[in-house]
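Asks: Sequence lines, in order, name chains A and B. For the first sequence, counting from 1, position 147 maps to 147 in this note's numbering; every step adds exactly one. For the second sequence, counting from 1, position 167 maps to 167 in this note's numbering; every step adds exactly one.
It cannot be assumed that every hint is accurate.
Cβ pair distances, simulated, as ranges [as the list claims (entries may be wrong)]:
1. Ile-202/B - Gly-105/A: 45 to 51 Å
2. His-134/A - Gly-136/B: 42 to 48 Å
3. Gly-17/A - Asn-222/B: 50 to 56 Å
4. Ile-112/A - Ser-135/B: 35 to 41 Å
5. His-134/A - Arg-197/B: 46 to 52 Å
6. Lys-30/A - Pro-187/B: 55 to 61 Å
7. Ala-84/A - Glu-150/B: 49 to 55 Å
8. Ile-202/B - Gln-3/A: 32 to 38 Å
9. Gly-146/B - Asn-107/A: 58 to 64 Å
10. Ala-84/A - Arg-32/B: 51 to 57 Å
11. Gln-3/A - Arg-197/B: 38 to 44 Å
12. His-134/A - His-193/B: 47 to 53 Å
13. Glu-209/B - Leu-104/A: 49 to 55 Å
Since the hints were derived computationally from the structure, they do not count as laboratory data. For each residue, glycine too, the CB sits at the ideal point set by N, CA and C.
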Amino acid sequence: MQQHAVDAVVRGLKRAGISVVCYLPDSLFKELYPALDADPEIRTIQVTNEGEGAAIAGGVFLSGKRAALVMENSGLRASVEHLARMGLGAGIPVFMLMSYRGDLGENNWWAIPHGITMEPVLDALRTPYRVVRHADEIEQAIVDASTWSHTAYYHSAVALSGEIVR
Amino acid sequence: MTTTPDARPTTAFEKTPHATISRYSAMEALGRRLDDALVILSLGGAVDEWYNAAPHMREASLFQQQLGCVTGEALGLAVGLPHRRIVSLDTDGGLLFNLGILATVGNEQPANLFIVVWDNEQYQSIGGPATHTASGRVDLAAIARGCGVEHAYTVDTLEAFDEHCAAGLAADVPYLVVVKTDGILQPGIKRKHSDGREDKYIFVRHVEETEGIVIMGPSEHN
């Protein structure tokens, strides 16, 4: 990620009132994680899998604070069970910020399933999302998705692709 | 087929002999020590038992039916409300579903999180097939200690459990107790008949009232 994109993510999270970020590191966002760790206004929690991160983010919501789950889009598949139970069962929302592995332009064979499954899985979970490919749209997309989640009490997602993560 | 005492049961639903404590009695003991704590609990028979064993904690308890989510949600709550005692009532099946949460708890070291694992060595809500703890080889407390949760213990008497409740609820580090329970559902108790969505609103309104905050507030334009 370019520094201006990292800065836009951090600005967006803060504008959205997010003070806790759960993440499982990935390569496309590798510049983002140290920036989040270093920010004094954001508490980061590194997790062992994204489902666990979803559960923690749900608990943060129940405390009255706002959280984000940051991950590669492959993590969406790992967190489906937790997201379905919390979201469809109880209405406990999780806002997700994902790197979009496997988008057109992908040149790693192992990343192809991530691109093929991401949008159908989000649709199966009835989760609205926005794919952002230009850095100047990042900040507002994060604010919009987080606002929606805290209005609908349901999950939402922003997937970053294109020039942002190349 | 093996004949050693610690072997997995030879039939799927046969009960192993490691567990001795009545879960309901243990819940009553824990409930007597709770006042302003917040509780998140797992699924199965423990839901109805906690609903009856600690009626004064009903609004302060989030009744979930979420295998693998419970201690994660409790950690999130503990991070969000660091001044409040948070109790996770997890189970052997639920914790085994996501052992990674122990590593995260170990690294995060929440000062206000008390984790109880009701270990009846079976998936009780579906009729009792054994979990991995039934073999006698899998030691959840040892796994927790290996993950950095230094205060992690297994108890097989009610007295020992009560002592660990006192210590765990006063600790300033994460504290975990695995309770070997007998798997006998308390007879004659009232079923909780609300669903997870209603339970969430009851819990959230309790947190709002006791914390003086708004979590699920009014719309901008009513």
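Asks: Could you check the hint for me, namely that Ala-84/A and Glu-150/B are 49 to 55 Å apart, CB to CB?
Replies: Given about 34 Å between the Cβ atoms, the range is violated.
Asks: Indicate whether the distance between the beta carbons of His-134/A and Gly-136/B respects the range 42 to 48 Å.
Replies: Violated, since His-134/A and Gly-136/B (Cβ atoms, about 58 Å apart) do not stay within the stated range.
Asks: Is the hinted range of 55 to 61 Å satisfied by the C-beta distance from Lys-30/A to Pro-187/B?
Replies: At roughly 56 Å between Cβ atoms, Pro-187/B and Lys-30/A fall inside 55 to 61 Å, so the hint holds.
Asks: Looking only at beta-carbon atoms, does the pair Ile-202/B, Gln-3/A fall within the given range of 32 to 38 Å?
Replies: violated, 46 Å
Asks: Do the Cβ positions of Ile-112/A and Ser-135/B conform to the proposed distance bound of 35 to 41 Å?
Replies: holds, 40 Å
Asks: Do the beta carbons of Glu-209/B and Leu-104/A sit within 49 to 55 Å of each other?
Replies: The hint (49 to 55 Å, Cβ to Cβ) holds, given that Glu-209/B and Leu-104/A are roughly 51 Å apart.
Asks: Is the distance from the Cβ of Gln-3/A to the Cβ of Arg-197/B consistent with 38 to 44 Å?
Replies: Because 43 Å falls inside the window, the suggested range holds.
Asks: Please check whether Ala-84/A and Arg-32/B have a Cβ separation lying inside 51 to 57 Å.
Replies: violated, 36 Å
Asks: Honestly, do Gly-17/A and Asn-222/B meet the 50 to 56 Å range at C-beta?
Replies: Violated, at about 21 Å.
Asks: Should the hint that His-134/A and His-193/B are 47 to 53 Å apart at their CB atoms be regarded as holding?
Replies: Holds - the Cβ-Cβ distance for His-134/A and His-193/B, about 51 Å, lies within 47 to 53 Å.
Asks: Kindly confirm whether 45 to 51 Å is satisfied by the beta carbon distance between Ile-202/B and Gly-105/A.
Replies: holds, 48 Å
Asks: The hint says 46 to 52 Å between His-134/A and Arg-197/B; measuring C-beta to C-beta, is that right?
Replies: violated, 38 Å
When each numbered hint is compared with the structure, violations occur for hints 2, 3, 5, 7, 8, 9 and 10.
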